[in-house]
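Asks: One-letter residues, chain by chain:
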Amino acid sequence: MSDITTQSLTSLVKNIKNKKLSSEEVTQAFVDRSEKSKELNAYITEDFSNAINKAKKFDQNPNLDLKLPGIPMAVKDLFCTENIRTTAGSKILENFIPTYESTVTQNIWNEGAILLGKLNCDEFAMGSSNETSFYGNVQNPIDNGLVPGGSSGGSAAAVSGQLTPITIGTDTGGSIRQPASFTGTVGLKPTYGSCSRYGIVAFASSLDQAGPMAQNVEDCALLQEVISTYDKKDSTSIDFKRNDYSKELTKNIKGKKIGIPKEYRVEGMPKEIEDLWQKGIQYAKECGAEIIDISLPNTSYALPTYYIVAPAEASSNLARYDGVKYGFRAKGENLIDMYEKTRSEGFGAEVQRRIMIGTYVLSSGYYDAYYLKAQKVRKLIKNDFDEAYKKVDAILTPSTPSSAFKIGEKKDDPVSMYLNDIFTVPVNLAGLPAISIPAGHDASGYPLGLQIIGKAFKEQEILNVAYAMEDKINFKNKITDWWIK
Amino acid sequence: MAKDKSEFLIERHNNVYEVVIGLEVHAQVTSNSKLFSSSSTKFGAEPNTQVSLVDAAFPGMLPVINEFCVKQAIKTGIGLKAEINKRSVFDRKNYFYADLPQGYQISQFKYPIVGEGIVILDMPNGQKEVGIERLHLEQDAGKSIHDMDPQNTLVDLNRSGVALMEIVSKPDLRTPDEVSAYIKKLRSIMRYLGTCDGNMQEGSLRADVNVSVRLKDSKELGTRCEIKNVNSIKFMQMAIDYEANRQVDLIEEGKSIDQETRLFDTKKNETRSMRSKEDAHDYRYFPDPDLLPLEVTDEFIEQLKSDIPELPDDKKKRFIDEFKISAYEATILVSDIETAKYFEEVVAKMGKNRDMKLAVNWITGELFAVLNNKNLEISESPISAKNLAKLINLIKNGTISGKIAKTIFELMMDGDKDPQVIVEEKGLKQESDPKALEALIDKIIDDNREKAIEYKNGKEKLFGFFVGQAMKVSGGKANPQLINEILKKKL
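Protein sequence lines, in the order shown, are assigned to chains A and B.
Taking my numbering, I'd label the letters of the first sequence as residues 1 to 485.
Taking my numbering, I'd label the letters of the second sequence as residues 486 to 976.
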């Protein structure tokens, strides 16, 4: 089968279960394509020969009852993987090899999947274009010179470019949904507390959430089913009844009420985004959903709130990278000098910027005006959603205010970069689940995504809406393999 | 230094100053594992052998609260008659140091688990109440070792993450003796509760001392200095004495006191500035997003209340009521839970015909002296409560004299020997047969005719001579009371 890498996860699983394909064949196909795709710079660390050995071993005694039997898969390099280097896209962890496995990746290996390697991402997941990675830019498979989005840029590029059938990313302010939107793939950010944060390099603890990224909604549902577990090792993990998301998936969303928040019609939003949204509304209607206009009045405060809360937590979370215990250490005259040099040389500009912002907003004299106020606004934003969900089952918005931009285009303009997250950050602040599905193309043929936001713990609901709409949209990603010579 | 004074006043020229002291005690929670990880807390292990990935702050590691430590903190709060806060919050206290792996300490800042309480001190001139401001849970840091390597500082993380209770007093203490009594009482309560072993040598109990001075009768508090980590009661007293005098001198010279953190130099017996208020860290406290607020129910608290043993104040009251001993004696006996246990066991083993006076005297006298000499805890006493009770009963029922008892006591120390067995083996039973004693005394009078005549003629001092002779001849076994009676009759 020459078209292995174009197959969906669901079809690969079926073919392995039916013994039409071996794990080795599938793994080899993705390894081969990954080898030919170095130009994309999607990987930070490859583990191809181990992957093939593991696949061979799987084939010797295949357990076909597993959900991901012998499926190869690369993961974002923010997940700690036992004995495999984990860098978080940073120089400061360039040689860091964990002795432990994150809960989310362990869940994946427990269901039979095989690690292909670690995927590029913005440094400590801070970025919206994958340009802050110490390991270089990632190319968007859609077009040469285009960012894949971020921070899960390597993950989105790898799925879109068929280097891995599925992957996992993390989403703190849009880091799964925005790159999914930029690469024509599907990305789900689950409810806060759905997937364990144990073993994931922390960015902003109260916002970070791991989630699946895939070529379609069904694959996304299957992966969500695998990764979402209650975990006592994470005090913020929540013990709620999780669905069999892939089995319970249905296109029947008749009578579902879908809210359209007027505040998401932001100033300066390109017409093609507005058009896409209208098209989305039409599709939802065609699926039998009822469209209801709603208001989320505090939306405009979400971005400033996010850029206080996230850096505040990050400034503290990243204090452990001090050169003392592990990771990069610069030589210093004394302890303070060593700290300063280690952190100046070990962290990139964007990470340093956010540490500075975070340190500032937590400082005595500024705490009340910034951090405390931001926490209050965060509560208001959550209340907005609570109010809206009295009337609707889900909310439909664009995923991003634009399509993928050129590498370097916004690199020196952090504020314009931050604006990319305008539709995604309110969801993280409220701890809600949301999915981005590809829904169309802009004038340049670049993909555009729609976001469906759900009630807390109602991943099944938004997966169903996405599944139904996906069918109507019938999106085809335009991958030309331009990078394969 | 003030000794056993109810007032500690400093006089300069015509001004009399009062010293105001508040204590921040760091008490290590007695628990098998750390506050947020399952690593062992055992003291004295090889460096860095009791360190989990959480304790060393590896990427992606998350804290998970140890419920047992929460229970210990609440129990301590109950022992301090304090308000238990059903909702408390863990905050991050951010600062960089090599032995602080996370780059922050998880502590409780705004919402501690325990609120205001009271500790009652038994001072020579009566009781004194000291207010407790709060008790909160926090992680300990690791240990930096500066003297093991010529170039490098080494770090031992065994202590990193161990649970501490920070107990903050109100500025209610006035003298070094009160400070000593306060620490001892706090330690006593926690040892009764089993929430902190109070071992200052092992660092299970450490304190920062806040000292300020003001003119006597003034109501306003002066500027305070915090003296860090003074690790014995003696040093605390010395540090307070030095610091209070230093502050008074400054005021008298017309200078102002800087609010600062100071260090006590035990070799020079002085405090010196560690960092001023301007250099003080900005800890950037904020709620730890890795942990949910800690919420406990009324039932949870009630359950813990029902587990609280009798505490020193109540035990003291009971000892006075039930055993009719003095308040002073009761204070001594309840101060340490092991002493109280020992005493109660002696009382129980003495049976119906118990003699409290003898029990108290033997424990606080002979036994304490032996323990002191041998540097032993009462729990390691070479003489068991059971055998001490037997010895006391032998005195009480006249089998042996108090003097012989002391000899027997010495012999008992060799392997906790049964005093009854010693009496029989060595033939130390007291001679209480009046006929035998009369014969013995007749002989003595006979042998000392002249002295007997002198006594009759008024030289009463000689009575003691005859008693001594009787004891000597009987090998100390003669019942002294009977000897007295018979001698009076016969002389």
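Hints are computed from structural coordinates only; laboratory data are not their basis.
Treat each hint with caution, since some may be false.
[Unchecked claim] Restricting the straight-line Cα-Cα distance to at most 30 Å, the calculated cross-link-like pairs of lysine-lysine (BS3-like) are:
1) A/K232 with A/K251
2) A/K382 with A/K406
3) B/K571 with A/K232
4) A/K331 with B/K628
[To be verified] Facing chain B, a subset of chain A residues (Cβ under 8 Å, in silico):
5) N83
6) I84
7) S102
8) Q106
9) A202
10) Y230
11) Y264
12) E267
13) M269
14) L335
15) Y339
16) K341
17) S363
18) D368
19) A369
C-beta: ideal position from N, C-alpha, C; glycine also.
Asks: Going through the earlier hints one by one, which of them does the structure break, listed in rising order?
Replies: Of the numbered hints given earlier, those the structure breaks are 1, 2, 5, 6, 8, 10, 11, 12, 13, 16, 18, 19, listed in rising order.
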